[in-house]
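Visitor: Be aware that the sequence shown starts at 1, since it is given in my numbering, and climbs by one per residue.
No wet-lab data here; the hints were simulated from the structure. Glycine is no exception: its CB is placed at the ideal position from the N, C-alpha and C atoms.
Here are the in silico distance ranges between beta carbons for each label pair:
1. Pro21 <-> Asp80: 29 to 35 Å
2. Gly58 <-> Val34: 17 to 23 Å
3. Gly10 <-> Val30: 36 to 42 Å
4. Glu6 <-> Val30: 27 to 33 Å
5. Leu22 <-> Asp80: 31 to 37 Å
6. Trp73 <-> Gly28: 34 to 40 Å
7. Tyr49 <-> Pro21: 18 to 24 Å
8. Thr65 <-> Ala45: 16 to 22 Å
9. Asn70 <-> Asp23: 33 to 39 Å
10. Asp19 <-> Pro72: 30 to 36 Å
11. Thr25 <-> Ala45: 31 to 37 Å
12. Pro27 <-> Asp80: 33 to 39 Å
13. Leu8 <-> Phe35: 17 to 23 Å
14. Gly28 <-> Asp80: 36 to 42 Å
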Amino acid sequence: MHTTTERLPGLTLTTLTLDVPLDHTDPGGVQIEVFARVATAEDGAGKPYLVFLQGGPGHEAPRPTGVPGNPPWLARALQD
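Build the full structure now, drawing on both the sequences and the hints.
Guide: If you want it as structure tokens, here you go:
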């Protein structure tokens, strides 16, 4: 696993890349890299996770910036 952390005003972003098996029944087989990002408010490290599957074929995948409206639900999600 590889992690990096970036701090923006009012927002901490931790990026993770994980190697996981392509086939969960063959954990020693072919591996793929999975990308994840944890977004927290400055005081939000102890809050529960909200899993959001971002983007996909043909869909925009904006990076969270903490700027109002990007993405529009982020400010509310960080409260709880």
